[in-house]
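Participant: Listed below, chain by chain, are the residues.
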Amino acid sequence: MISPNILFKVIRNDPINKSIVVKFCRENAQKSIDEYKSVNISYRNIDFSSPKAFEDSMRSRGNPLVMKQLINEPILDQNKGVSGIFSTNIDDYIGKIVCTTSDTSGSLNKVTL
Amino acid sequence: MIDDGNKRFYRRCDEFAICVNLGKKGYVTAESPEDRNTIFQYIVYGKGKAGIMFTEDNIEFKDRELVDLRRYVHDYVMSIATEDFFIIGFNTYDKYQKWDARLITEEETELNLRTIYDKIEPVNSRTFILCLDGKPIVNDKRLKRYDYSEVFFGNSYKIDLNGGVLGLFVQC
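Same order as they appear, the protein sequences are chains A and B.
Residues are numbered in my numbering as their position in the first sequence, beginning at 1, plus a constant of 11.
Residues are numbered in my numbering as their position in the second sequence, beginning at 1, plus a constant of 66.
Treat the hints as calculated values from the structure; they're not laboratory data.
Using N, Cα and C, we set each Cβ at its ideal position, and we do this for glycine too.
Be aware that a few hints might be false.
[Unchecked claim] Straight-line alpha carbon distances no greater than 30 Å define the calculated DSSO-like cross-link-like pairs of lysine-lysine that follow:
1. Lys210/B <-> Lys121/A
2. Lys107/A <-> Lys201/B
3. Lys73/B <-> Lys79/A
[To be verified] Beyond 12 Å from chain B on every Cβ pair, some chain A residues (computed):
4. Glu46
5. Asn56
6. Ser68
7. Gln89
[To be verified] Ranges between beta-carbon positions, derived for each pair:
8. Phe75/B <-> Ile27/A: 44 to 50 Å
9. Asp102/A <-> Arg74/B: 28 to 34 Å
10. Lys115/B <-> Ser71/A: 30 to 36 Å
11. Tyr104/A <-> Lys128/B: 29 to 35 Å
12. Arg74/B <-> Ser71/A: 19 to 25 Å
13. Glu176/B <-> Phe97/A: 30 to 36 Å
Work out the full structure, taking the sequences as your base and the hints as a guide.
Facilitator: Structure representation (structure tokens):
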């Protein structure tokens with residue numbers, strides 16, 4: 012599995028409610044980490060046993076958030092593609108932008124004989 | 067997340083589903099019975115081994131084979147690819163539903179279920195052909211990979227495998 016490097020920035024520590032407020036983004040995000048939403052994480056979900064364990068637990072909390080940020084990033088107008096050309100002739104694809112989605116399911120093609 | 071060792075996608079119809087796995091030599095899977103409905107696998111290319119986790123019960127598979135995995139459907143299964151692979155899994159929606167399958171041979175230029183069922187009309191059986199590779203021709207229609215069709219008792223189907231592979235799947 013490949014996942015991006017993740018940045019986190021602790022905004023606030025709340026020892027009374029045993030939680031922290033954190034911002035996450037991927038290292039190569041195209042905007043500042045300060046522009047992303049903050050999330051609240053309970054101490055229960057953080058491993059304080061060592062600095063490395065702490066970072067590991069922050070990565071495991073941040074990874075799904077960062078992937079969501081990535082998916083929700085706006086699409087540049089010049090990158091808007093068509094959903095499919097439905098051809099196996101490579102010439103039909105030349106110069107066209109085709110969007111293949113991350114949805115890996117689909118319907119089998121039924122043929123009537 | 068990008069899993070660069072294995073690309074997987076699914077295709078479904080009302081009666082069954084297929085999962086397609088393309089990956090690299092050395093790729094290992096471990097699946098629980100809750101996640102696994104695969105009862106047959108066609109190996110487009112590649113070699114490997116699959117079996118019940120932590121037992122000696124395993125089978126080897128290789129190119130252009132239809133592998134019967136029905137007996138593993140309720141077990142924890144591990145597999146390892148010993149070559150780069152392209153595998154098409156045939157999945158049932160109900161693990162207790164009985165299915166049978168085989169590949170159609172080069173010699174079978176005509177498919178007639180009457181001969182398969184020994185002239186007794188099947189009551190509940192349904193039979194499907196699924197294109198697993200190449201561009202076989204059935205009743206003058208050229209199929210492409212993952213095309214499927216239900217075939218009916220009493221009808222006759224002219225088959226030219228044309229170098230391709232057709233699976234015959236029977237829901238008993």
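Participant: Check whether the Cα positions of lysine 107/A and lysine 201/B lie no farther apart than 30 Å.
Facilitator: holds (27 Å)
Participant: Hint says 30 to 36 Å; check whether the CB-CB distance for lysine 115/B and serine 71/A agrees.
Facilitator: holds (32 Å)
Participant: May I ask you to test the hint 28 to 34 Å on the CB atoms belonging to aspartate 102/A and arginine 74/B?
Facilitator: holds (29 Å)
Participant: When you check the alpha-carbon spacing of lysine 210/B and lysine 121/A, does it fall within 30 Å?
Facilitator: Holds. Lysine 210/B to lysine 121/A sits at ~11 Å (cutoff 30 Å).
Participant: For the pair supplied as a hint, lysine 73/B and lysine 79/A, confirm whether the alpha-carbon distance does not exceed 30 Å.
Facilitator: Holds: lysine 73/B and lysine 79/A sit about 21 Å apart, inside 30 Å.
Participant: Find the nearest Cβ of chain B to the Cβ of glutamate 46/A and say whether that gap is larger than 12 Å.
Facilitator: With a cut-off of 12 Å, glutamate 46/A remains clear of chain B, as the shortest Cβ separation is near 24 Å.
Participant: Between glutamate 176/B and phenylalanine 97/A, is the Cβ distance one that fits in 30 to 36 Å?
Facilitator: Holds - the Cβ-Cβ distance for glutamate 176/B and phenylalanine 97/A, about 32 Å, lies within 30 to 36 Å.
Participant: Lying within 29 to 35 Å: is that true of the beta-carbon distance tyrosine 104/A to lysine 128/B?
Facilitator: For lysine 128/B against tyrosine 104/A, whose Cβ atoms are near 34 Å apart, the range 29 to 35 Å holds.
Participant: Within 19 to 25 Å or not, the Cβ separation of arginine 74/B and serine 71/A?
Facilitator: holds (23 Å)
Participant: Non-interface claim for glutamine 89/A: all C-beta distances to chain B beyond 12 Å?
Facilitator: Check passes; 24 Å lies beyond 12 Å.
Participant: Any Cβ of chain B at or closer than 12 Å to asparagine 56/A, or is the non-interface label fine?
Facilitator: Non-interface label stands for asparagine 56/A: nearest chain B Cβ at 20 Å, farther than 12 Å.
Participant: That 44 to 50 Å hint for phenylalanine 75/B and isoleucine 27/A (C-beta), does it hold up?
Facilitator: holds (48 Å)
Going through the hint list in order, the structure satisfies each hint without exception.
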